[in-house]
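Q: Each chain, written out:
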Amino acid sequence: AQRVTQPEKLLSVFKGAPVELKCNYSYSGSPELFWYVQYSRQRLQLLLRHISRESIKGFTADLNKGETSFHLKKPFAQEEDSAMYYCALVEYGNKLVFGAGTILRVKS
Amino acid sequence: DAGVIQSPRHEVTEMGQEVTLRCKPISGHNSLFWYRQTMMRGLELLIYFNNNVPIDDSGMPEDRFSAKMPNASFSTLKIQPSEPRDSAVYFCASSPAGLRAEAFFGQGTRLTVV
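Just so you know, the sequences run in chain order A and B.
Position one of the first sequence corresponds to residue 1 (the working numbering), numbered consecutively onward.
Position one of the second sequence corresponds to residue 1001 (the working numbering), numbered consecutively onward.
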């Protein structure tokens, strides 16, 4: 069963437009959620984690337990944000599972 | 530390051949993960180890796939025999103990089975 769902394969926006990458999860326990990013020709790396409630590179993500969502948002997209974004969930036993990923393309 | 090291970076092999992918995790990390990345299915967890012990291999697609972690500094993923549908990028990642720990990824092995 899919535990992390990212409904969009590709999201294309213009520079300066707001961005929202969707992520929904299914987990009976208390979720530990993350966003990872893979820039072109670079390793997959952590972008942010929900527990930190931080803003990284202008991105934020809020955990909504009622809607079981952890959407990634940025008010003004930049060209350098173009990348593959993965939502991830840590389950019991430190099992790290990912969604299918969303390609963000920021057009100039 | 050079980070998680995977080898080879690229592998092209013929259908039916055995393929072995290698991973050296970051020293001191307790968990090691193997993932397969494809356009259709994204990043799939194949198997993961805690303290060198396989915890969950439910993501391994078939008996043709096997993984080992003989010690804390080395792991292998083997496909025998390989098939064209195994073509993908395979990632290894490691993380320290703890649920909130960040996972660090290798650069991946791009496998092509012809």
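It should be emphasised that the hints constitute simulated quantities derived from the structure, not laboratory data.
Note that beta-carbon positions come from the ideal geometry of N, C-alpha and C, so glycine has one too.
Among the clues, some could well be false.
To spell it out: a stretch of chain B is covered by chain A in this simulated footprint if at least three of its residues, at any positions, have a beta carbon under 8 Å from a beta carbon of chain A; those stretches are [unchecked claim]:
| hint | region |
| --- | --- |
| 1 | 1009-1019 |
| 2 | 1035-1042 |
| 3 | 1045-1051 |
Q: It remains to establish, for every hint, whether it holds in the given structure.
A: Right, here's what the structure says about each hint:
1. 1009-1019: Result for this restraint: violated, n = 0.
2. 1035-1042: Coverage by chain A holds for the region 1035-1042 of chain B (3 residues, Cβ < 8 Å).
3. 1045-1051: holds (count 3)
Of the numbered hints given earlier, the model fails hint 1 alone.
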